[in-house]
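*Asks:* Sequence:
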Amino acid sequence: MIKGEIAPRPVLIIHGTRDDLITPRHAERLYQAAGEPRALWWAEGSEHAQARFDHPDTFYPLVVNFFLEAIGQPNHPK
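Quick note: the sequence shown uses this note's numbering, first residue 1006, plus one each step.
One or more of the hints may lead you astray.
Unchecked claim - Ranges between beta-carbon positions, derived for each pair:
{"hint": "1", "residue 1": "1079", "residue 2": "1049", "range": "31 to 37 Å"}
{"hint": "2", "residue 1": "1080", "residue 2": "1028", "range": "40 to 46 Å"}
{"hint": "3", "residue 1": "1023", "residue 2": "1078", "range": "32 to 38 Å"}
Calculated directly from the structure, the hints in this document are not laboratory data.
Every residue gets a Cβ at the ideal spot worked out from N, C-alpha and C, and that includes glycine.
Based on the sequences and whatever the hints tell you, model everything.
*Replies:* This is the structure we're talking about:
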């Protein structure tokens, strides 16, 4: 992958520190290759794809805020 190949598209990488299926090094490499804007959140103690269950109070606001920043607020009335 060429660094910044998908820039300027925002990228959010979420990776569990106990993921033994995909190593943390892979997340680091994706983050470095992404260019800006980018974000990386380490889900402390989480295994593969478990961050949303282990850390819901952090995971969901992080994801929602990422999308709000990336695409903005909806224009429709509530």
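*Asks:* Run every hint past the structure and note whether it holds.
*Replies:* The hints, checked one at a time:
1. 1079 to 1049: 31 to 37 Å: 32 Å, holds
2. 1080 to 1028: 40 to 46 Å: 41 Å, holds
3. 1023 to 1078: 32 to 38 Å: 35 Å, holds
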